[in-house]
Amino acid sequence: MTIQITENNNVVTGVLDGRLDTVAASQFARDMQPLLDKADKHIVLDCTNLHFISSSGLRLFLSLRKQTIAMGGDVTIKGVSPEVKQVFTITGFFSLFNFE
Amino acid sequence: MKKILGFRVVLNLTLVVLLVGGLVYTLGFGICLYLARQEVARESNEKAALAISNIQGYVDAELKRVEDIGYTLLSSKFGKTTRFDDGGSFVTIDPQTFVLPSEEEVCAMLDQFINANPHICGVAIGFENFVYPKTTGQYGFAAYVTNVSGKNELFKLGEIHDFHEKEWYKEAAVQNRPYWSRPFRETSRGKVVACYSIPLHGIGNRLVGVMALDIDTEAFRVKCGEAAPFPNAEVAMVDREFRFVSHPDTTYILKSIAEVGTYADYQADDSMRIKMMNHESGQYVVNEGTEHEGMFYFAPIERTGWMLSIECSKNEVYGNVERMKRDTTFIAVVSILLMIVCFIFFFRRLQKVTLSKAGIESELKIASAIQMGMIPKLYPAFPNRKDLDVYGMLHPAKSVGGDLYDYFVRDEKLFFCIGDVSGKGVPASLYMAVVRSLFRNVSLHTNAPAEIIGGLNTALSEGNDHNMFCTMFLGVLDLKSGHLDYCNAGHNAPIVRRLNEDNTVNVYYTKPKVNLAIGVLPDFPYVSEETHLKPGEAIFLYTDGVTEAENRSKELFGEEATLKTLADARNNNVRSAIDFVDYVYRTLRSYAQGAEQSDDITMLIVEYKGVDSDDINV
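Top to bottom, those sequences are chains A and B. With our numbering applied, the first sequence closes on residue 100, and no number is skipped along the way. With our numbering applied, the second sequence closes on residue 618, and no number is skipped along the way.
Keep in mind that the hints were calculated from the coordinates and are not lab data. It cannot be assumed that every hint is accurate.
[Unchecked claim] BS3-like mimics (lysine-lysine), calculated; alpha carbons at most 25 Å apart, straight line: (1) B:K223 <-> B:K166; (2) B:K191 <-> B:K156; (3) B:K352 <-> B:K398; (4) B:K398 <-> B:K554; (5) A:K85 <-> B:K511; (6) B:K77 <-> B:K156; (7) A:K85 <-> B:K564; (8) B:K564 <-> B:K511; (9) A:K85 <-> B:K554; (10) B:K413 <-> B:K480; (11) A:K85 <-> B:K513; (12) B:K554 <-> B:K513.
[As the list claims (entries may be wrong)] Stretches of chain B that chain A covers, calculated by requiring three or more beta carbons in the stretch to come under 8 Å of a beta carbon on chain A: (13) 412 to 426; (14) 515 to 527.
Here the structure is a predicted model, which is why all the values come from computation and not from measurement. We treat Cβ as the ideally placed atom computed from N, Cα and C, and that holds for glycine.
Between the sequences and the hints, there should be enough to build the whole structure, so can you do that?
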């Protein structure tokens with residue numbers, strides 16, 4: 001599980017790659033710290049290559065959302081696969097994020 | 001107990017490693033030592049052979065020089081020398097030219113000879129009585145000149161004793177060939193000399209006299225000391241009668257082997273003695289296994305029939321090997337001690353880790369027991385009720401987990417729920433415990449699922465800094481009517497088993513309103529829904545540990561397979577709630593093919609049997 005973070009014109013993009021399961025989540029929590037630091041900006045999470053997300057992964061997305069609300073930014077998720085999207089749908093998280 | 005067990009295991013491991021290491025080390029060391037000894041033995045043999053040929057060469061050359069000088073003198077003063085291949089020779093007086101010298105002339109000749117040949121320490125010439133009939137000597141005429149501390153002294157032996165009976169004269173005369181007499185201590189100076197006698201012949205091969213030359217054997221002794229292959233090697237020479245001619249200890253000189261006691265004690269092969277008697281060369285290990293063990297080399301001095309021998313003690317020959325052995329053993333002992341120290345150090349650390357791990361494990365076990373104690377496990381759940389069949393199962397992936405289910409009956413209503421806390425392990429289990437307690441508390445005050453969920457949500461959203469959340473499906477079943485109120489908080493859609501008009505079974509996924517997982521938004525407006533269960537109908541609740549169970553290829557079990565399993569269970573005549581859940585669980589296990597369970601597996605089935613359950617026959 002990796003995340004590559006780039007910043008361009010007030011838009012911070014994180015490209016996710018791999019399976020965000022419980023085991024990967026703790027490392028991912030550290031890797032995504034730069035995004036939390038820039039929660040005042042428009043954050044785009046590119047989930048095209050995210051193959052799986054567990055509830056621990058959702059928790060991290062939730063943290064990011066909370067932080068952006070606190071700091072005035074926003075989160076947009078793009079390119080989610082049907083499998084990942086279903087997890088968002090089942091849990092009701094789908095309504096919490098902007099999807100592209 | 002765990003501590004002792006761990007200690008034993010590590011101790012055994014240590015012993016095994018030490019034993020194997022020690023064995024390998026000893027084996028390697030033994031081979032090295034063996035090879036080193038072989039090499040040293042070979043070198044020692046070479047050195048000894050070199051020393052022997054060196055001494056042999058020197059002694060033989062010295063002896064030959066004496067012989068040659070003797071013949072030169074006789075040839076020049078008396079007559080023609082004839083020497084044979086076997087070393088025998090004689091000197092024949094030529095009657096045509098020979099003029100017999102006077103006694104004075106003979107004495108002067110010898111005196112001159114000694115002066116000219118300093119390494120000859122004495123020269124004698126004696127005649128048969130018919131040669132000098134007018135001599136004053138009682139026993140005939142024999143002159144002997146010897147050098148005593150730089151000054152020549154003349155002895156007329158015929159005036160002293162019957163020299164004809166002395167070995168130097170008699171043996172040469174009788175054998176009629178040149179003769180090396182046994183070394184003896186010369187009376188005038190105490191030197192040990194070897195004496196070479198040459199017979200002198202007249203016409204018709206008649207013996208005329210004998211000339212003898214003395215040579216000091218001390219030079220041989222010095223040479224033996226110089227040529228020794230090892231500083232403390234004992235290089236010695238014995239004569240034909242095994243009396244010492246040369247030995248590092250001068251008190252041995254002229255004493256026999258038997259007298260001195262040496263050699264005789266040698267614990268060696270008899271063949272060694274036979275070889276020495278026969279004047280052959282050889283090398284033997286003597287006194288094997290005792291502290292006097294050594295190598296014994298010997299070879300003949302052909303010209304005189306003496307034997308040259310070299311004895312080297314084992315300690316001297318193998319001194320370096322022994323030192324190596326000692327050093328290596330020391331290093332080995334130190335290494336093993338170091339190893340033991342390292343092991344003990346390592347073991348102590350390991351023990352600490354093991355202990356703390358064991359502590360955590362035992363705490364987890366207790367936590368697991370507490371967690372399992374929170375969820376209802378008895379079956380039948382309500383032995384006195386015939387309108388209901390409920391069974392739940394919770395299998396955490398780790399000791400403790402974040403899944404939960406719960407149910408209880410209040411006011412003829414069954415309150416039941418299933419939940420899945422985000423994450424796994426201890427954090428999830430703590431949250432799970434909180435959720436379960438809240439469910440029990442809040443459910444006491446209201447019958448509306450959305451209100452219960454809302455209450456839980458409000459409580460759990462406060463101060464939720466770690467953004468934990470919990471999905472939950474909560475239902476309230478009116479046991480009199482079969483009316484079911486429910487609220488889904490972001491949980492997997494339940495599966496229901498419905499009965500058609502014709503009593504056929506229909507198993508399918510429901511599509512409840514999703515709402516949102518509990519603990520995310522404090523003010524989320526949860527909405528209840530409602531349906532109706534006919535007697536014989538059931539609702540199956542599960543967590544994603546069921547639908548996302550993995551096999552060895554990491555493939556998920558899937559929703560379709562879950563649905564099919566439930567349908568199959570019915571077809572396989574599985575009836576009771578407990579058998580139902582057990583059937584699904586066994587299907588999951590066989591699907592996993594032994595793969596490790598990746599997520600908590602939780603199932604809850606609620607079957608409504610109706611007030612008059614006896615009528616139901618599905």
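How the hints compare with the structure:
For the given pair, B:K223 sits about 30 Å from B:K166 by alpha-carbon distance, which is inconsistent with the 25 Å threshold. With a C-alpha separation of about 20 Å, the suggested pair B:K191 and B:K156 falls inside the 25 Å cut-off, and the hint holds. This hinted pair checks out: B:K352 and B:K398 have alpha carbons roughly 23 Å apart, not beyond 25 Å. About 18 Å separates the Cα atoms of B:K398 and B:K554, which keeps this hinted pair within 25 Å; it holds.
A hinted pair counts as satisfied when its Cα atoms are at most 25 Å apart, and A:K85 with B:K511 qualifies at roughly 16 Å. For the proposed pair B:K77 and B:K156, the alpha carbon gap of about 20 Å is at most 25 Å, so the pair holds. Our distance criterion of 25 Å between C-alpha atoms is met by A:K85 and B:K564, whose separation comes to about 24 Å. In summary, the hint linking B:K564 to B:K511 is supported, as the alpha carbons are separated by about 18 Å, within the 25 Å threshold.
Distance check on the hinted pair: A:K85 and B:K554 sit about 20 Å apart at the alpha-carbon level, within 25 Å; holds. The suggested pairing of B:K413 with B:K480 holds, with an alpha-carbon distance near 8 Å, which does not exceed 25 Å. Between A:K85 and B:K513 the alpha-carbon distance is near 16 Å, which keeps this suggested pair within the 25 Å criterion. Distance hint between B:K554 and B:K513 is unfulfilled; the C-alpha atoms sit about 30 Å from each other, more than 25 Å.
With a threshold of 8 Å between beta carbons, the proposed coverage of the stretch 412 to 426 of chain B by chain A holds, since 5 of its residues qualify and at least three are required. Closer than 8 Å: that is the beta-carbon criterion, and the stretch 515 to 527 of chain B has 5 residues meeting it against chain A, so the requirement of 3 holds.
Comparing the model with each numbered hint stated earlier shows that hints 1 and 12 do not hold.
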